[in-house]
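Colleague: Below are the chains, spelled out letter by letter.
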Amino acid sequence: DAKTTQPTSMDCAEGRAANLPCNHSTISGNEYVYWYRQIHSQGPQYIIHGLKNNETNEMASLIITEDRKSSTLILPHATLRDTAVYYCIVRVALRDDKIIFGKGTRLHILP
Amino acid sequence: EADIYQTPRYLVIGTGKKITLECSQTMGHDKMYWYQQDPGMELHLIHYSYGVNSTEKGDLSSESTVSRIRTEHFPLTLESARPSHTSQYLCASSESPSRTETQYFGPGTRLLVL
Chain A
6 DAKTTQPTSM DCAEGRAANL PCNHSTISGN EYVYWYRQIH SQGPQYIIHG LKNNETNEMA
66 SLIITEDRKS STLILPHATL RDTAVYYCIV RVALRDDKII FGKGTRLHIL P
Chain B
118 EADIYQTPRY LVIGTGKKIT LECSQTMGHD KMYWYQQDPG MELHLIHYSY GVNSTEKGDL
178 SSESTVSRIR TEHFPLTLES ARPSHTSQYL CASSESPSRT ETQYFGPGTR LLVL
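Same order as they appear, the protein sequences are chains A and B.
Mapped onto this note's numbering, the consecutive letters of the first sequence carry residue numbers 6 to 116.
Mapped onto this note's numbering, the consecutive letters of the second sequence carry residue numbers 118 to 231.
I should point out that these hints are in silico values taken from the structure, not numbers from a laboratory.
Check the hints yourself; a few may be wrong.
[Unchecked claim] Below, computed lysine-lysine pairings styled on DSSO-like, alpha-carbon distance capped at 27 Å:
{"no.": "1", "chain 1": "B", "residue 1": "K174", "chain 2": "B", "residue 2": "K134"}
{"no.": "2", "chain 1": "A", "residue 1": "K8", "chain 2": "A", "residue 2": "K108"}
{"no.": "3", "chain 1": "A", "residue 1": "K74", "chain 2": "A", "residue 2": "K108"}
{"no.": "4", "chain 1": "A", "residue 1": "K57", "chain 2": "A", "residue 2": "K108"}
{"no.": "5", "chain 1": "A", "residue 1": "K8", "chain 2": "B", "residue 2": "K174"}
{"no.": "6", "chain 1": "B", "residue 1": "K174", "chain 2": "A", "residue 2": "K108"}
[Stated by the list, open to error] Part of the chain A face toward chain B, derived, beta carbon under 7 Å:
{"no.": "7", "residue": "C17"}
{"no.": "8", "residue": "I104"}
{"no.": "9", "residue": "K108"}
Even glycine gets a Cβ: it sits at the ideal position worked out from N, Cα and C.
Okay, chain B solo, but in the shape it has when bound:
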């Protein structure tokens, strides 16, 4: 059973506010990921990390930024939220190296920017 947590689960915020979405995992996984998904649409990778002090941009351009100061923590920040940022954000982690490279996902954060 995977232990990966995201907070908040739901967030309604006004345009221009700075927000940070939290993601933490207790499995000691090196790899972590952020995905963005609109309702009924595909998952899009926006950020990933191979380990501490490693961050990479994903396939979908995003105005968000991430940091990886600790293995267990991979927060995502939006400096100035806009309505176009309204979406669901999913965090995941995987062990590296691993024969299965299974990704474990958190419950997600649903963000609504007014």
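Excised from the complex, chain A in its bound form:
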């Protein structure tokens, strides 16, 4: 699977939109972009995934650039409970392989 690069940490004010970037310049055509988050050593929680179109669900939006070499996870109105480590992962769906979690981005929501 392709590797991803994320900033080590980010701050965001409560109530503002949190924009978390991810670079995946070696992504293959059949690889999806997935985002998970881990709140204070709980098990990681799935947030969203996409292939090339932008996606939105009740938790977040995912913006994927046209060349697919980078993406941004957007939390539209960040709350203190969104403080967590956010993992960006690229992988081929429907394949019998495993997810490799990297170091992720530690997002701090500031009151």
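Guided by the hints, dock chain B onto chain A, whose structure is given.
Modeller: Only chain B this time, still in chain A's reference frame:
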């Protein structure tokens, strides 16, 4: 909502003891995983299974063993616990095949070996 359970949630045990960490899921998922994570550090995959009677080693070498006799159950065993095994152990499962391949995680077991 995912239903995946781990017991015990916390365990303090002496060196040399045999321990089994339990993981069960009620979703009928074929794939199950064990991860190890030290505080503030990355998740490392130590074992996974594609289904009954299937077990594979993950990316991080581990002295633990696993078994998959039933779809819903994926226990992890340490034959002789050592202080170096102190960590958090997270179990996960995912449906296969699935368009999303979302992994659902249990609450974790925090292990302290004295």
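Colleague: What are the numbers of the hints that this structure violates, sorted from low to high?
Modeller: As far as the earlier hints go, only 7 is violated by this structure.
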